[in-house]
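Novice: Okay, here's what each chain looks like letter by letter:
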Amino acid sequence: MTQTADRRGLAQRLFEPDRLESLAVVPKVGTYVVLGFWTLVVLFPLYWVLVTSFKIEVQVDSGPYFLPFVDFTPSLDAWNFMLFKNNTMGAYLNSIIVALSSTLLALLIGSLASYALVRIRFQVKLAAVVTFIALLIAVIIAVAALGVPWAAATAVAIALFLLSLGTFVRRFNAAVGNNDIEFWMISNRIMPPIVAVLPIYVMFQHLGLLDTQVALISTYTGVNLPIVVWLTRDFFAGIPLDLEESAEIDGASKFRVFFTIALPLVRSGLAATFMLVLILTWNEFLLALFLTNARAQTMPVLVAAQNTTRGPQWWYMSVLIVIMIAPVIVIAGFLQKHIARGLLVGAVKG
Amino acid sequence: MAVAQAASPAATARETRDEWIDRNSGRIMVLPAVIILLCFAIFPLIVSIYLSLCRFALAGGSFTLTFIGLFNFKRLLIGAQQYHFLGTFKPLQTPEWIAFAIFAVVIIYWLGRNVATGFNVLGLIGRLISAGLATGLVLAALATMPAGAYEGTLLTTCFYVLVGVVAQFLIGLGLALLCAQPIRARNFFRVMFFIPLMVTPVGVAYMFRMLADMEKGPFAPVAAALGFSAWSWATQAWSARLMVLIGDTWQWTPFMFIVLLAAIENQPRDQLEAARLDGAGNFQIFRDITWPAIAPIAATVVLIRLIEAFKIIDIPNVLTAGGPGLATESMTLHSFIAWRTQDLGGSAAVGYLLLFVSTISCVSFFNYVVRWTRRYQ
Chain U
1 MTQTADRRGL
11 AQRLFEPDRL
21 ESLAVVPKVG
31 TYVVLGFWTL
41 VVLFPLYWVL
51 VTSFKIEVQV
61 DSGPYFLPFV
71 DFTPSLDAWN
81 FMLFKNNTMG
91 AYLNSIIVAL
101 SSTLLALLIG
111 SLASYALVRI
121 RFQVKLAAVV
131 TFIALLIAVI
141 IAVAALGVPW
151 AAATAVAIAL
161 FLLSLGTFVR
171 RFNAAVGNND
181 IEFWMISNRI
191 MPPIVAVLPI
201 YVMFQHLGLL
211 DTQVALISTY
221 TGVNLPIVVW
231 LTRDFFAGIP
241 LDLEESAEID
251 GASKFRVFFT
261 IALPLVRSGL
271 AATFMLVLIL
281 TWNEFLLALF
291 LTNARAQTMP
301 VLVAAQNTTR
311 GPQWWYMSVL
321 IVIMIAPVIV
331 IAGFLQKHIA
341 RGLLVGAVKG
Chain Y
351 MAVAQAASPA
361 ATARETRDEW
371 IDRNSGRIMV
381 LPAVIILLCF
391 AIFPLIVSIY
401 LSLCRFALAG
411 GSFTLTFIGL
421 FNFKRLLIGA
431 QQYHFLGTFK
441 PLQTPEWIAF
451 AIFAVVIIYW
461 LGRNVATGFN
471 VLGLIGRLIS
481 AGLATGLVLA
491 ALATMPAGAY
501 EGTLLTTCFY
511 VLVGVVAQFL
521 IGLGLALLCA
531 QPIRARNFFR
541 VMFFIPLMVT
551 PVGVAYMFRM
561 LADMEKGPFA
571 PVAAALGFSA
581 WSWATQAWSA
591 RLMVLIGDTW
601 QWTPFMFIVL
611 LAAIENQPRD
621 QLEAARLDGA
631 GNFQIFRDIT
641 WPAIAPIAAT
651 VVLIRLIEAF
661 KIIDIPNVLT
671 AGGPGLATES
681 MTLHSFIAWR
691 TQDLGGSAAV
701 GYLLLFVSTI
711 SCVSFFNYVV
721 RWTRRYQ
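As given, the protein sequences belong to chains U and Y, one line each in that order. Letter by letter, the first sequence follows residues 1 to 350 in our numbering. Letter by letter, the second sequence follows residues 351 to 727 in our numbering.
A hint or two may mislead.
What the hints assert, rightly or not - Residues from chain Y that keep clear of chain U, each with C-beta distances beyond 12 Å, as calculated:
{"no.": "1", "residue": "373"}
{"no.": "2", "residue": "439"}
{"no.": "3", "residue": "483"}
{"no.": "4", "residue": "496"}
{"no.": "5", "residue": "499"}
{"no.": "6", "residue": "525"}
{"no.": "7", "residue": "540"}
{"no.": "8", "residue": "589"}
{"no.": "9", "residue": "592"}
{"no.": "10", "residue": "667"}
Claimed, not checked - Derived Cβ-Cβ restraints for the label pairs, each shown as a range:
{"no.": "11", "chain 1": "U", "residue 1": "86", "chain 2": "Y", "residue 2": "631", "range": "34 to 40 Å"}
{"no.": "12", "chain 1": "Y", "residue 1": "458", "chain 2": "U", "residue 2": "241", "range": "36 to 42 Å"}
{"no.": "13", "chain 1": "U", "residue 1": "50", "chain 2": "Y", "residue 2": "462", "range": "55 to 61 Å"}
{"no.": "14", "chain 1": "Y", "residue 1": "722", "chain 2": "U", "residue 2": "76", "range": "41 to 47 Å"}
Keep in mind the hints are simulated off the structure, nothing from the lab. Positions of the beta carbon are idealized from the N, C-alpha and C atoms, including for glycine.
Assemble the whole structure, with the sequences as input and the hints as a guide.
Specialist: Here is the structure:
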């Protein structure tokens, strides 16, 4: 294409592309300038954090220094303190365990549910749902207001519920279908965590699980289930039925079909979902603040706690932020290709 | 698979159990999710209603809950805590009345058009609820405009949500459009722009506090040259809010960007090329081809962001601790502060009000915007 001499005027050459798949000079330069500027906006704060983590107190306090080795002599003091003398590693380990296990759990439970909702028809009696919620409310009132022991109240409620299933629930025909169940699951995400966190706190206090990893893992699994269901349902809906049907004719159970055929087919989408949920869990602050104290403390809580009476100690804080971002960036680098595609499928269907 | 394998060795003996599992496999698959959601969403939600109707008091190592009806809500909306939740109001002046009149005309036209074009009772009720919330918010916003009036946490939250989501969407869309052009290093930009999403919001808040330090931050020389190094953004309401917004926008623009870019790259190539050959301008192409193709996705992405935006707490909590005064306090932070002062009832009430506001807003957005952009599909 470049062999033919461009006989157009200068202005035309600057503003109009010579081919459809390329850009003229001026728009091209403009694009690079804007994108480069935003790259700076993104990278400079991170660069500043990285640089600050190699400073000592004096170097931070006596004004901005920008370049290590030129402006100031970098030191590993902050790193040394944070990694070996502080309790950072405990919180770091907590964060890794909690984030990975709750993400994997949410992914497993959520994709099982969304697969079933896509492939199997459900008919849940509306009367059963109403009875269940009414009994739940009754139990809560009985326990909280009237002081009935919770074990007794729950047992009575379960007995009543089973009884109602056999008797009067059968008389009503109104039922909720797959779409309603799905909508209910996804809509739980709208609920702000602050509404749910107080009762969850009390619940774990009663169970003696406050400030443990179990409490955090199970709560995060619950909080992230809606996202998993919402994203994975479209992946499952997108795979052709014949593959699964032929496996079922060969006698494979639904579970086997799910794990050996359906799951591998939606790898890409699962990777995107995994990444998104992992980021959300890894960075979650509010629930961890309520549910943990010292032993099960996660990184965001530790970072937030750096605001001491002497003001934040930037050099320590920067170390924490750097070690928090690093692993996520590495994982995201590996999954980069899948992320956009996975999110797109979710957003198209909503 | 675990279930299937465990049962397979003794297949003949346990034929019935296998059959039972297979017959009920759907229920077994959904059950764990339902149980978890019941434990961590429905059960807490119901307990929270009860808490919001009670007064909580510590009494000798234990606590008591006294049922006090709607008192907690009354206190927030018209009582002693009104200044905190809704704001300190001043009577409307002429410019505010004019603004309100314009708003009223728009909303009545919107309701009227709906009644005229296709009337159904449920739709009208939904629209009345949306319109009611919007009117309340606009009135509160106008009543906190005059000098001496202050915004409460409700308006601050709505400000973050509205301005933040719009800014993130516009920047994200702009970057995605630029990035979708035939340029080199597209993947490089894609990876770079994605990074802020991965930084913990608490970290973002500290980062921006560090950057915005006018004495020893990186922009201190610039501030000194311009002569405002003594000025502190943290002492003024709007500059502090702006700072929170900048942090939030820095963090969440990538989310919009990455999905919108994927959507733009997925639009039909043939139409695009045909339009180019016919000599359509860039703006024309965007308006007539790209935008209609990506609008449903754009609306959905905004909806997702809207849902999450209402929950904002980390950035204002760390950046300004809600200050100066109440200026940057979001509703979640308000609820958290109430919890810390042992006012569990008030905390639950704020949480519930947040739930109402965000649910109505998100459902309205879904019904009037997302559905509308999908009308051609």
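Novice: Now tell me, hint by hint, if it's right for this structure.
Specialist: We went through each hint and held it up to the structure:
1. 373: 10 Å, violated
2. 439: The claim holds: residue 439 of chain Y sits with its nearest Cβ about 25 Å from chain U, beyond 12 Å.
3. 483: At about 15 Å from chain U, residue 483 of chain Y clears the 12 Å cut-off, so the statement holds.
4. 496: 31 Å, holds
5. 499: 26 Å, holds
6. 525: 6 Å, violated
7. 540: 7 Å, violated
8. 589: Holds, since 18 Å exceeds 12 Å.
9. 592: Holds, because the least Cβ-Cβ distance between residue 592 of chain Y and chain U comes to about 16 Å, which exceeds 12 Å.
10. 667: 7 Å, violated
11. U:86 - Y:631: 34 to 40 Å: The hinted range 34 to 40 Å is violated for residue 86 of chain U and residue 631 of chain Y, with Cβ atoms some 59 Å apart.
12. Y:458 - U:241: 36 to 42 Å: 50 Å, violated
13. U:50 - Y:462: 55 to 61 Å: 58 Å, holds
14. Y:722 - U:76: 41 to 47 Å: Because 57 Å falls outside the window, the suggested range is violated.
The structure is inconsistent with the numbered hints 1, 6, 7, 10, 11, 12, 14, although it conforms to all the rest.
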